[in-house]
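Chains as they are written, first to last, in our numbering: chain A, 1 to 411; chain B, 1 to 167.
Simulated from the structure, these hints should not be mistaken for laboratory data. Each residue gets a CB set at the ideal place from its N, CA and C atoms; glycine is no exception. Worth double-checking, as some hints may not be accurate.
Stated by the list, open to error - Which residues of chain B face chain A? A few of them, derived with a C-beta cut under 7 Å, are:
#1 Tyr57
#2 Asn109
#3 Trp113
#4 Leu152
#5 Phe164
What the hints assert, rightly or not - Examples of chain B residues lying across from chain A (beta carbon under 7 Å, computed):
#6 Val24
#7 Tyr28
#8 Thr62
Claimed, not checked - Okay, the calculated bits of chain A under chain B, using three or more residues with CB under 8 Å as the criterion:
#9 60-67
#10 224-237
#11 241-251
#12 254-268
#13 365-374
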Amino acid sequence: MSDSISKILPNKPVYNDTDAQDELFTLNLGPTHPATHGVFQNVLQVDGERIVSGVSTIGYIHRAFEKIAEHRPYYQITPLTDRLNYCSSPINNMGWHMTVEKLLNIELPKRVQYMRVIVMELARIADHIICNGILGVDTGAFSGFLYVMQEREFIYEIFEEICGARLTTNIGRIGGFERDFNETAFAKIREFVKRFPPVLKEFEELFNRNRIFIERTANVAAVDPETALSYSWSGPILRATGVDYDVRVNEPYSSYEEFDFDVPVGTKGDVYDRFLVRNNEMWESLKIIEQALEKIEKEPKGIFHADVPEFYLPPKEQVYNNMEALIYHFKIVMGEIDTPKNEVYHCVEGANGELGFYLISDGGRSPYRLHFRRPSFINYQMYAPMSSGMLLSDAIINMSSLNVIAGELDA
Amino acid sequence: MAKLDNQTVLRHLQNRFADHIKQVSEPYGLLTVEADTTHILEVLEFLKTDENLQFGYLTDITAVHYPDLDKEFAVVYHVHSLVNNVRIRVKVFLDGNYPAIPTATVLWNGANWMERETYDFFGIQFVGHPDLRRILNVDDMEVFPMRKEYPLEDPNKVDKKDYFFGR
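Make the full structure from the sequences, and use the hints.
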């Protein structure tokens, strides 16, 4: 993608080692700084404006989710996953539900799987909107961010319609959803599919061929595929380097194999490529949502969960009026339900990479061990090594384009 | 995409390491093998470099604490072959008194923080690790909190004890 771009950048200033100031000083970037968008501390050795070396300190908002999860029944772990990548909570929720369903061998009806696909793709769009919008802000272009933020607000309205919450959504239950999407929700999703393309088009027109933006981002923090793979990168930033690894394609879950979409890849792995990959992924997500809406039309109406009463927490109104629902509600809440003694690894394509859940069950009501494979944590460890030699301003936009979310980084 | 099946992967591993690959299982289709501490690095290197296998992508490193077993700690590697689209899980059980294992940072740069996290929470020594410090917890913490002997809440609290609920 950016090969053609590099030709139009003859005036890019070149900094050589001859510019060295011969005087290092220590700069604390973070833990709280407006440009880091979260609690990240990097202790940098700086020579003028050039970073010589850096050390990342993380863990400022560590909340011991893995320990808490060992003491909570399965259905109470969903709210914990909300708080990992809080820009796209529904993907985490769905990933967790699918992990438990894999453990319990629950097969979901097709309609529920398509509903999940819609929710996950909306969340992916919301996440990419933030990342790309903020990247624009960090390069000095505020307006694009405001244009697309309105659409993220609309996505949150859809989430509100589906589950009642906006940011930490806690959508769905093990075995399906807690309620069907109502007519308003479907209407809003349809409206979103119509109104988002012109906005995204406008956003791209502001940035994609904008010379100032390109000069700030092209060839900044370029990463080759070998390095990216050796650092276990995943998600859009890995695809920007040219590796077409996408969990939705490699190991389809929730019927992703039935959808027709492309996996955008970049060539150089620089900030500009990451921006383009995320933008193109939003177009693909829209395609997927459209297809999912069509597919739902063909499925029988009103099905929103699998028929597994022993694991699916029944709707409250049934609990009060129906004997079986009351019994199962009691058994699930009190942890009387047996789970298989086994271990399972399940991963989904989160908004910034492979989000994995490694769950070991000893048959009890809560996991014996639950480990989150958090893409932000693994992607971020290359930040300090790759910053050395970079200009401070480039390091800032590099951090924005990695889309590291503090909640996911620290778990 | 050419897909290796688990039996082929296992055959390659057993041809090379014979008795050092133990406890083979396949929970939910994911091949799980157990290696020992002395051979783990060779096993991982073989998985990564063998041209038939090409497990070049380290997905995750973590640990599990089993206080009732003779060997208390299990270090679990998830490795992924992007070329063949197949995963493998390798486990190594470690002694509880001094859990130590060679570092995988010589094979993957990404192993660095994963091993630091595992050390931070379980106290497993990754021998040869370039920078084995705590990562999420505070530096002057003295315990390894994910071990099972450390309760989540105040141990003197009784209102949540299982026996009050007939469990």
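Each hint tested on the structure:
no., hint, in the structure
1, Tyr57, "holds, 6 Å"
2, Asn109, "holds, 5 Å"
3, Trp113, "holds, 4 Å"
4, Leu152, "holds, 5 Å"
5, Phe164, "violated, 11 Å"
6, Val24, "violated, 14 Å"
7, Tyr28, "holds, 5 Å"
8, Thr62, "holds, 4 Å"
9, 60-67, "holds (count 4)"
10, 224-237, "holds (count 6)"
11, 241-251, "holds (count 4)"
12, 254-268, "violated (count 0)"
13, 365-374, "holds (count 4)"
Hints 5, 6 and 12 from the list above are not met by this structure, while the remaining hints are.
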